[in-house]
Amino acid sequence: MPQLSRRDFLRLAALGLGAATIGGVLEACKSVTTPLARPTSSRPGTAAPATAAAPPPTPASLPPATLIASPTAAASAGYPDLVVVRKGEPDALVRRAIAALGGMERFVPSGASVIVKPNVCVSYRTYEYAATTNPWVVGTLVKMAFEAGASSVKVMDYPYGGSAADAYATSGIAEQVQAAGGEMVVMSDRKYVSTQIPAGKWLKQTDVYDEVLKADVLINVPIGKVHSLATLTLGMKNLMGVVRDRSSMHGNLGQAIADLNTVIRPDLTVVDCVRILTAHGPSGGNLDDVQKLDTVVASTDIVATDSFVATLFGLKPDDLHYVGFGAAMGLGVSDLSKLKVADLTA
Amino acid sequence: MPSRPGWVRSRKAVQAVALIAFAGLFLLARRDGLPGDLVNVPMRLDPLLTIAGTLAARAFMIGSVLALATLLLTLVFGRAWCGWLCPLGTVLDMFPVKVGHGQRPAVPEGLRKVKYILVVLILFAALLGNQTLLFLDPLTILFRTLTASVLPALDQIARSLGDLLSQVPGLDGPVSSVDTAIRPLILPAEPVSYQDALLFASFFVALVALNALAPRFWCRYLCPLGGFLGLISRVALFRREVSASCGGCGMCAEECPTGTIDPARNYASDPAECTVCMTCVQECPLATVTFTPSLSAAEGRPYDPGRRQVLLALGATAAAIALFRVDLFAKRQSPFLVRPPGSRESNPDAVALTSCTRCGECVRVCPTGAIQPAVVQAGLEGLGTPVLVPRLGYCDYACNSCGQVCPTQAIPLLSLADKQRQVIGKAYIDQNRCLAWSDHTPCIVCEEMCPLPDKAIKLELQEVWSPDGGTVSLQMPHVVRDMCIGCGLCEYRCPVSGDAAIRVYVPQLAVPI
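Taken in order, these protein sequences are the chains called A and B. Residue numbers for the first sequence follow our numbering, so the first one is 1 and each next one is one higher. Residue numbers for the second sequence follow our numbering, so the first one is 1 and each next one is one higher.
FYI, nobody ran anything at the bench for these hints, they're computed from the structure. Yeah, the Cβ is synthetic: ideal placement off N, Cα and C, and Gly gets one too. Treat the hints with caution; some may be incorrect.
If the Cβ cut is set under 7 Å, some of the chain A residues that face chain B in the computed set are [said to hold, decoys possible]:
| # | residue |
| --- | --- |
| 1 | ARG6 |
| 2 | THR126 |
| 3 | GLY161 |
| 4 | SER283 |
For the chain A half of the interface with chain B, some residues (derived, Cβ under 10 Å), not all of them [stated by the list, open to error]:
| # | residue |
| --- | --- |
| 5 | ALA100 |
| 6 | VAL122 |
| 7 | ALA164 |
| 8 | GLN291 |
Far from chain B, by Cβ distances over 12 Å, these chain A residues were calculated [claimed, not checked]:
| # | residue |
| --- | --- |
| 9 | ASP91 |
| 10 | GLY103 |
| 11 | ALA179 |
| 12 | GLY281 |
| 13 | ASP318 |
| 14 | THR345 |
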């Protein structure tokens with residue numbers, strides 16, 4: 001056995017300590033440069049007229065809430081505020097919806113890094129149980145992002161029951177995403193960054209997944225499900241999947257979700273209503289609780305998608321607290337009569 | 001002295017292969033790893049575990065025939081298992097603790113007796129349905145230490161290192177790739193914690209440190225498996241012989257790792273102590289040492305346990321087991337002594353105790369770290385048996401791995417559908433600590449988590465008193481006892497700090513009246 005001399009030992013120890021010190025310094029630097037969410041306007045080459053007037057982001061402040069959403073500007077470009085597509089296979093529903101919104105190129109500039117955030121809550125339900133987003137809806141979005149020129153498309157969620165890898169496989173999402181060339185990412189504990197929520201009324205700070213904040217494009221793909229506290233879990237609530245501490249949000253869930261939505265701004269929300277879960281959400285488990293609607297609802301306005309999908313459950317937008325808070329904070333429009341809705345069939 | 005190619009080199013090669021195989025099967029004992037029947041092969045090769053398990057459970061597992069291979073090996077070559085195959089023995093060989101430059105303190109030869117007495121204790125206790133002392137089996141020691149101490153500690157180091165390196169510009173990507181590509185193959189997906197990880201590590205370190213008193217101290221004096229194989233080796237076919245041409249240089253006695261070569265007896269050795277390491281065969285300058293077939297039984301040694309000592313051991317075993325069974329613990333077990341799925345059902349009396357050999361395969365394979373080796377929770381008798389601690393990890397609704405790896409079916413083999421119906425325990429809400437019940441704070445996390453299709457936790461909308469003098473409308477969780485299976489996901493995720501406000505208790509057993 002080779003002998004480690006005292007000198008060698010000390011040398012190694014000094015090296016190790018040096019590395020640790022450098023690491024510590026870098027760690028200290030990191031806390032100063034806490035990444036902040038960029039407004040949609042900062043995305044390279046984004047053609048959305050809605051954001052053309054937004055000022056360049058400054059690290060010290062977030063865009064004011066009033067600048068966050070302006071669906072009327074989108075409408076002025078000729079696109080509907082919200083698209084509903086019914087009757088058809090999941091991929092056809094998605095393609096029709098995105099086409100009606102102006103095509104994926106409107107959201108995904110060439111070379112952009114894209115994150116698709118489905119709802120993959122547990123590892124023990126296949127997609128038929130409507131606990132997890134339809135795999136073909138997710139897969140088609142990945143495919144279309146690449147067709148629009150995305151440089152990378154990552155798909156991620158943080159399941160609360162079972163491991164992420166198992167959940168990705170069981171839900172069927174991994175297969176469709178990988179077939180489309182996308183990457184399934186198991187979210188890493190170390191990639192959450194402390195994020196201030198200046199516009200937040202209740203939630204002022206939370207740890208958000210770094211990659212989600214840094215991605216050029218965020219596509220939010222929830223599935224319509226019932227939830228005992230939130231009433232329904234749709235687009236706005238789906239973003240809870242990218243924060244570390246979700247349980248503390250339950251104390252004032254509606255406001256906390258709206259607050260979170262001021263810093264995480266998906267470029268596009270596509271609510272999967274191919275199947276919806278009408279009872280025992282969010283994890284389900286009874287096919288009797290599943291209703292097949294063969295519908296997707298898409299918009300750049302996350303408040304609008306959630307408001308519309310509420311009606312598919314026989315509810316009013318205001319029945320969802322977070323929708324009410326979100327509309328009040330200027331995150332989007334919940335009054336369906338004020339939206340230009342394209343109701344199509346695939 | 002330069003080592004010549006030969007026996008010692010071959011033995012070391014075999015040792016390395018066996019250790020790597022053991023470590024490989026250890027790492028692959030996980031969900032999506034190798035099939036359970038393959039990963040528990042080392043445990044089944046261990047004849048002490050197998051025979052004690054068979055005696056205690058009074059049931060023969062077909063996989064137990066593997067132990068015959070080790071018995072046969074021992075009947076032909078003596079304790080070759082110890083010298084050539086045992087992974088713990090190999091690890092002990094790797095740490096030859098040197099003490100200064102002087103002589104080691106003399107260890108009394110009589111200490112060799114301990115391992116034989118342990119064999120008597122273990123086998124007799126097994127006959128009486130107790131396997132507590134199997135926590136001293138070398139394979140269970142190594143496996144448990146790797147599971148509860150070494151791997152989690154390595155995981156900690158890897159995580160810290162990853163945290164550090166990912167701060168270095170440009171290394172973020174590679175670290176991520178390692179995290180996604182390599183980590184899941186070796187380390188737990190989520191950090192897992194084991195109660196008394198430090199204790200298991202200390203025990204192991206102490207065992208290695210005993211090498212300072214004598215090489216392979218554990219194997220010489222204490223190891224019950226070594227003792228068991230040693231007893232068989234007394235009638236083994238091949239025996240170490242020293243021919244008449246021996247020059248009496250004493251080199252073999254000096255080099256023998258078990259110190260069994262006695263210069264006073266013409267350098268003869270005790271087959272029960274010799275691990276067939278072949279060092280003496282290779283090192284003898286006159287090549288006088290051979291292993292030759294012999295049909296006679298080995299002669300007795302002063303340290304062999306006497307009749308009186310064996311009788312004393314038998315009596316002590318019977319007394320100890322009787323005391324275990326009148327101990328308060330046997331009458332009133334901890335309400336939190338939740339066992340892995342099905343083990344309580346299959347052995348309604350003593351649960352995992354009778355057929356559990358303390359091998360720790362279930363602890364290793366549990367993906368969430370829910371299954372923990374008991375130290376005190378299951379009483380002295382239940383040392384090393386598996387307990388499910390939901391605050392540390394939950395029983396994954398999509399997993400039935402523990403029953404698949406258990407070599408004795410102390411945890412029964414359940415299909416996933418059966419496991420999803422298997423009652424492990426029952427959740428109870430502590431309304432004095434529950435956020436909804438006591439703090440008037442909306443929280444439905446337990447209901448949300450419940451994996452059952454119809455949810456065993458229901459919410460009741462109540463108008464309740466609020467501190468400002470008015471009332472507030474809140475959803476109050478209730479557990480539907482008949483539905484709850486006790487998976488513990490609610491307890492694991494309960495946002496209350498410290499002990500959860502919803503806890504899984506041992507289910508009520510049907511008590512015959």
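Cross-check of the supplied hints:
Annotation: ARG6/A was flagged as interfacial toward chain B, and the flag is violated, the nearest CB pair being 16 Å apart, outside 7 Å. Interface hint status for THR126/A: violated, as the beta-carbon distance to the closest one in chain B is roughly 11 Å, over 7 Å. Below 7 Å, beta-carbon pairs count as interface contacts, and GLY161/A has one with chain B at about 6 Å; its hint therefore holds. For SER283/A, the interface hint holds, since its Cβ comes within 7 Å of a Cβ in chain B; the closest pair sits about 6 Å apart.
Interface restraint check: ALA100/A against chain B, minimum CB-CB distance 34 Å, threshold 10 Å, status violated. Because the beta carbon of VAL122/A sits about 7 Å from the nearest beta carbon in chain B, less than 10 Å, this interface hint is met. A least Cβ separation of about 7 Å between ALA164/A and chain B falls short of the 10 Å threshold, and the interface hint therefore holds. The restraint placing GLN291/A at the interface with chain B is violated, with a minimum CB-CB distance near 16 Å, outside the 10 Å limit.
Taking the minimum C-beta to C-beta distance to chain B, about 27 Å, the non-interface status of ASP91/A holds against the 12 Å cut. At the 12 Å boundary, the C-beta of GLY103/A stays outside the reach of chain B, the nearest C-beta of that chain being 31 Å off. Every beta carbon of chain B lies more than 12 Å from that of ALA179/A, the smallest distance being close to 19 Å; the non-interface claim holds. At roughly 8 Å, the least C-beta separation between GLY281/A and chain B is not larger than 12 Å, which violates its mark as non-interface.
At roughly 17 Å from the closest C-beta of chain B, the C-beta of ASP318/A stays outside 12 Å, upholding its exclusion from the interface. Residue placement check: THR345/A keeps its beta carbon more than 12 Å from all beta carbons of chain B (closest about 33 Å).
Hints 1, 2, 5, 8 and 12 from the list above are not met by this structure, while the remaining hints are.
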